[in-house]
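S.K.: Chain by chain, the residues run as shown.
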Amino acid sequence: MEDILQQKFLEAYDTYNDDIFRFCIVKVRNRDIALDITQDTFTKTWEYLSAGKEIDNMRAFLYQVARNAIIDWSRKKKSESLDALTETGLEFGSDDEVKQTENSIDAKQAAKLIDDLPDKYRDILYFRYVEDLSVQEIADITGERENTVSVRVHRGVKLIEELFNKKQS
Amino acid sequence: MNFSEQKLKEALKTIRMSQDERTAIRSALHRHMTAYTKPIKSPFAQHAHRFILRPMQAIAIMLVVLVSSGTGLSYAASEALPGDPLYGFKIGITEEIKTITMKDDTRANYEVTRAAKRLEETAQLALTGRLDHNAEAVIREQLTKHTEKAKKFAQKASIAKPETPATVASDINSELSAHSQVLTEIKEIKQINGELSGILETTKKTIAIAVQDEEDALEVLAANNEQSEVTLDRITEQRKELKNKLTTLENLVNTPIENIESALIDIATDLETITIGDEMILEEEISETPTLPISELQEVTLDKKIEQINTDKEDVREEDVLIEEVIINNDQETLEDPILIEEVNVDIALIHELSDDSYKLETEEEYAEASAKLQEAIKRINNMLSLIKLKEKYSAVLEEELIITPETQEIKPVIDEVMEVESALEEISTEAMMNELEKREI
Numbered sequence: 021m022e023d024i025l026q027q028k029f030l031e032a033y034d035t036y037n038d039d040i041f042r043f044c045i046v047k048v049r050n051r052d053i054a055l056d057i058t059q060d061t062f063t064k065t066w067e068y069l070s071a072g073k074e075i076d077n078m079r080a081f082l083y084q085v086a087r088n089a090i091i092d093w094s095r096k097k098k099s100e101s102l103d104a105l106t107e108t109g110l111e112f113g114s115d116d117e118v119k120q121t122e123n124s125i126d127a128k129q130a131a132k133l134i135d136d137l138p139d140k141y142r143d144i145l146y147f148r149y150v151e152d153l154s155v156q157e158i159a160d161i162t163g164e165r166e167n168t169v170s171v172r173v174h175r176g177v178k179l180i181e182e183l184f185n186k187k188q189s
Numbered sequence: 003m004n005f006s007e008q009k010l011k012e013a014l015k016t017i018r019m020s021q022d023e024r025t026a027i028r029s030a031l032h033r034h035m036t037a038y039t040k041p042i043k044s045p046f047a048q049h050a051h052r053f054i055l056r057p058m059q060a061i062a063i064m065l066v067v068l069v070s071s072g073t074g075l076s077y078a079a080s081e082a083l084p085g086d087p088l089y090g091f092k093i094g095i096t097e098e099i100k101t102i103t104m105k106d107d108t109r110a111n112y113e114v115t116r117a118a119k120r121l122e123e124t125a126q127l128a129l130t131g132r133l134d135h136n137a138e139a140v141i142r143e144q145l146t147k148h149t150e151k152a153k154k155f156a157q158k159a160s161i162a163k164p165e166t167p168a169t170v171a172s173d174i175n176s177e178l179s180a181h182s183q184v185l186t187e188i189k190e191i192k193q194i195n196g197e198l199s200g201i202l203e204t205t206k207k208t209i210a211i212a213v214q215d216e217e218d219a220l221e222v223l224a225a226n227n228e229q230s231e232v233t234l235d236r237i238t239e240q241r242k243e244l245k246n247k248l249t250t251l252e253n254l255v256n257t258p259i260e261n262i263e264s265a266l267i268d269i270a271t272d273l274e275t276i277t278i279g280d281e282m283i284l285e286e287e288i289s290e291t292p293t294l295p296i297s298e299l300q301e302v303t304l305d306k307k308i309e310q311i312n313t314d315k316e317d318v319r320e321e322d323v324l325i326e327e328v329i330i331n332n333d334q335e336t337l338e339d340p341i342l343i344e345e346v347n348v349d350i351a352l353i354h355e356l357s358d359d360s361y362k363l364e365t366e367e368e369y370a371e372a373s374a375k376l377q378e379a380i381k382r383i384n385n386m387l388s389l390i391k392l393k394e395k396y397s398a399v400l401e402e403e404l405i406i407t408p409e410t411q412e413i414k415p416v417i418d419e420v421m422e423v424e425s426a427l428e429e430i431s432t433e434a435m436m437n438e439l440e441k442r443e444i
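Just so you know, the sequences run in chain order Y and A. Per our numbering, the first sequence starts with residue 21, numbered consecutively. Per our numbering, the second sequence starts with residue 3, numbered consecutively.
One chain only, chain Y, in its complex shape (with noise of 0.2 angstroms):
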């Protein structure tokens, strides 16, 4: 019993550990950072599975936990801005980073672009096109309605090409 849960639980480490360590480090733009709330996110997950509780949806339970460890992480500390980050050497992509082409976004780019959103906008667009989560579940991970989600996706995405356009030109 004990067995099926931890093997059942390293694949999902196997499955998302990519995604979280992405959602974290976009947010918190510090590598060392990330990984660190991204072990401590698993931890904890598998802490309240542990504890007998039941976890309908692995993937958004996950997400939300990383959500609430990065917010625990930025009250404790003043958020640096990107850029005095990025002279202090932020490396976003790993090693075997795919090289990008001339027509696409760089990541620091669009972990920016992220970034310039109003707060509101955030997570949810994050998660609706980046992770391809269902409104129901962003709705679930950021406790908002769905309804709200789905008005924030909509304005959201209209935000994000405005700003990028004006970066371009």
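Everything labelled a hint here was simulated from the structure, so no lab data went into it. Note that this is a predicted model, so its numbers are computed, not measured. Keep in mind that the hints are not guaranteed to be accurate.
To be verified - With a straight-line cut-off of 27 angstroms between C-alpha atoms, the simulated BS3-like cross-links for lysine-lysine are:
(1) K187/Y x K9/A
(2) K11/A x K187/Y
(3) K140/Y x K9/A
(4) K186/Y x K11/A
(5) K15/A x K28/Y
(6) K140/Y x K11/A
(7) K178/Y x K15/A
(8) K9/A x K128/Y
(9) K128/Y x K15/A
(10) K186/Y x K9/A
Given the coordinates of chain Y, work out where chain A should sit on it, guided by the hints.
M.R.: Below, chain A alone, put in the same frame as chain Y:
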């Protein structure tokens, strides 16, 4: 290069952990999992607990499980009568085991059946002449126990099925009445008195209680129904009212307050060049005291005018009630309507125009025109304010209702509507923000 969500996604998807990092966290996690593993609750945990507490019962249960397939101990026990060696086993274990998986309402019915069974046993004993003092005591005790338990579980079940207490009480009445009739006949035929009379007495008492219980339960049920009808009526009424307000709200939302506010900020920005930081503070102040753009020369004359406008503004506030009526008379168009959005833009344009003209204001006439326009804008702001207040008030009422009664499920769609309007408001305000942003860029 054009923007697309796909590109954004592709870019972000390149962010990954390195193999080393991934493995490091995985092994840390694995260590933690092994160290931090609490026993997981098994669905059988509760029964396991019983085994520990009552070993004798545990053995009995195991015996029952072993022989339950046919002619074994539990079968023999099920036929046992008071005074038989297995009778205690029958009522204490065989019958009790069956109750483990029962839901409350099933359990209540089962207890009624058990009470009836006790009377059946009485009849068997009486007919074979084995009804002694001990048997009487056991049966009387069990009879009371079973009916009390039936009542208790019916009460528990009433949360999900409110009618259960009434039906169970009625069942007790009919079951026991039938059996007591048979027993009375046996008593006459067999000429038995004493023990049988005692049991019959207990039965009659139980029936009397059941009759009373049924009446009470029916009363409670009726009261509840009435209560929910009243609640439903009230909710329906509120819903109607709310829907009216919502319609009017939707129709009137054609001038979002944020647009006007930002336009007013523009006016102020033009008047005295302010930093974006100042704007935040100004945004709060501006809604309180809209200032007019004025040239230095006209300052003294225009000051008086501004006073006039402020007085007018107060008047408008006092007319909030009237505005509400106006609102209610308005109808038909919806928020999504592009024409409405267009109208909003025209409004904004007007205010912008006003702010541009302000530098050239030279005559009283020109000023009067500008002030009229501004007054119009203020009026709209006040309209919006009262609408928003209205909406808040009603959604608060609804939230409260939701907690009080389960019937409020009914108003959920209406609340959703309120939320929709809210979201739409938000959308429009964002639109205004974007317009602002664009303008500033230009």
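S.K.: Indicate, hint by hint, whether the structure satisfies it.
M.R.: Status of the hints after comparison with the structure:
no. : hint           : in the structure
1   : K187/Y x K9/A  : holds (15 angstroms)
2   : K11/A x K187/Y : holds (18 angstroms)
3   : K140/Y x K9/A  : holds (22 angstroms)
4   : K186/Y x K11/A : holds (19 angstroms)
5   : K15/A x K28/Y  : holds (25 angstroms)
6   : K140/Y x K11/A : holds (19 angstroms)
7   : K178/Y x K15/A : holds (21 angstroms)
8   : K9/A x K128/Y  : holds (13 angstroms)
9   : K128/Y x K15/A : holds (11 angstroms)
10  : K186/Y x K9/A  : holds (17 angstroms)
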